[in-house]
Amino acid sequence: MLVALRGSVVSALGLLTFLIAGAAPVCAEPPSPPPDRARLEAALARLEAQIPLTAADHTALKKAALAKTLSGMRVCGDPGNLPLSDINRAGYQNKIIEMLAAEMGTTVTYFWRPYLERGITRQTFETGDCDVLLDLPVGFERVLTTEPIYRTTYVLAYRNDKGIDIKSLDDPKLKELKIGTFQTSGLRTALAKRGIRNNVSLHVLSHNADLNPENQPWIQVDKVIKGELDVAGVWGPFAGWQQKMKGAPIVVQPVNMWEDEIPLEFDLAIALRKIDWVLKYKFDLALEAKKTEIAKILQDYGVPLVQCSKCYVPGDLPSHGIYTKPVEASDGAGSGPIAADQKVTKDRLKAWLADGADINQELSNAVLGGDVARIAFLIEKGADVNKLDAQGYTALHSAARHRRAELISALLAYKADPNVLDSDGFSALHHAVLRDHPASVKALASRGANVEALTKTGFTPLALAIIEDKYKAAMALIEAGANVEVAVGDAKLTPLMLTAGKEARVLSLGAGTTRVEKLNPLDPGQVEVAKALIDKGAKVNAIAGSGVTALLLAAAHNNAPIVGLLAEAGADASIKTPGGETAVDLAKRNGNAAVVSLLGLLTQAGSN
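With the working numbering applied, the sequence shown corresponds to residues 1 to 608, in that order.
Since the hints were derived computationally from the structure, they do not count as laboratory data.
Do not rely on the hints blindly, as some may be mistaken.
[What the hints assert, rightly or not] When the alpha-carbon atoms are kept at most 25 angstroms apart in a straight line, the in silico DSS-like pairs for lysine-lysine are as follows:
no.: 1; residue 1: Lys173; residue 2: Lys193
no.: 2; residue 1: Lys175; residue 2: Lys162
no.: 3; residue 1: Lys531; residue 2: Lys442
no.: 4; residue 1: Lys346; residue 2: Lys310
no.: 5; residue 1: Lys167; residue 2: Lys244
no.: 6; residue 1: Lys310; residue 2: Lys95
Note that the coordinates shown come from a computational prediction; the quantities given were computed from them, not determined experimentally.
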């Protein structure tokens, strides 16, 4: 989240630097750089400014990757998550990255940090602790990834001598067996959708698994081996490792073909900062060179390898492929009716509390279950509505994250504080914004949420909404009275400048984008947000701390619709950057023909 924020503002600052540098007065004609160097510099400037890369840019970056030498490789490694990685470098991730580093002529330096902690990208890339993250899903929006290395899946693991034979996730036996799953896993969600809840033992998220190995996720497979669980629903590598390297008497049953809505198979890759394209291509070369050795490492560790034609390691298990029923962010935490034997009744809840259940954890569960009556009962029994849970959220944060406006209203009625911050410094309103859910934004804003609350990095909810393309939330904030003139970031950009400084939506598939988001033509976009800001009094000719206006930013980013809107609202096209360039100059220098033409027509119309 914060990585994306910082990247957006840094890109704006980078663009300003690019604009100013490009317009600086020259006293003597400097020697022209070699063609390859010039092409590379142009590509890097486009990356920094978040301008879509051309084919020539990619060619220049690939050539640079061939020539690049690395003095070292700083890798974020998980200190306690076998068989993936551990502090003794005994995981397959450690083996693979060290082999790749050797192929690239360098060595690995680890920064040890649990991957299960929230904010892994922003608290490593942004702080400069490392440059490489391992085994992130391809398409993870906050990073640039290599080409996919392999595809793997969730599995069910059970002893091969107990007569268990599971045929599908709808197998009725799964409601009778003692099952273990990880707290945040997709498989847990898939089981819960089928009413398989009460017989499920959760392995709770832990951040100290390096110090306490019993907290590592693979331990549930060990419990199956010992007879403490009948079935473990786990990430495939955890079970495959036990079976292959430890000789565990278990069946490892892939489940990726058994579910059509919740993805249970993933393509994994090496993740880098979004601008590190030279390093990405350097990795791709090494991955191609070492793909046979990588396959052997994964096979030695028993990783279930799913068919994947685009992966360096293709795999042989059947693949589900593209999900025909993609998951849409829902307003509810579950789906389908709850079976009578799975429903958490007041009597059942009383019994659990009498047996020592944590009342605050039960409140978190009630929010996830969307059960208002249960929430009310637990708060009346003494649950602390403002206490952070193990993941660092209050009940209100969780309701906002799950787009449950009705739960937000109920919790606020029970004196939930709308301005409590989570462990990362985000309020419930920030979470509602990031989920782009106007109903939640309105519920919070109307009941005391601070619509100007700053994140740790100094962004208001409105700035956050614009930077993250959450335009429905932005409109709700504007309607709720958010200040449309607050300037944020080192460049001191107003909300109108932030809107103007983004690529037109259809042109935003820039470097590193691996998926196209679903666009609803009825949803508001940049133009609607910009118009709403202007209607609320945003100054169209305000000058940022870095010396640019909304019109200059829109012209530089080829955002013709915003240019037209700003001009209609009275934007002054004669204002120049600190380097002396007008909006037309910037559009010409960046090859933005549509904006050049539009500004010419507007100038001509104004003179008639």
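Evaluated hints:
{"no.": "1", "hint": "Lys173 with Lys193", "in the structure": "16 angstroms, holds"}
{"no.": "2", "hint": "Lys175 with Lys162", "in the structure": "17 angstroms, holds"}
{"no.": "3", "hint": "Lys531 with Lys442", "in the structure": "20 angstroms, holds"}
{"no.": "4", "hint": "Lys346 with Lys310", "in the structure": "51 angstroms, violated"}
{"no.": "5", "hint": "Lys167 with Lys244", "in the structure": "22 angstroms, holds"}
{"no.": "6", "hint": "Lys310 with Lys95", "in the structure": "22 angstroms, holds"}
The structure fails hint 4 only (numbered hints given earlier).
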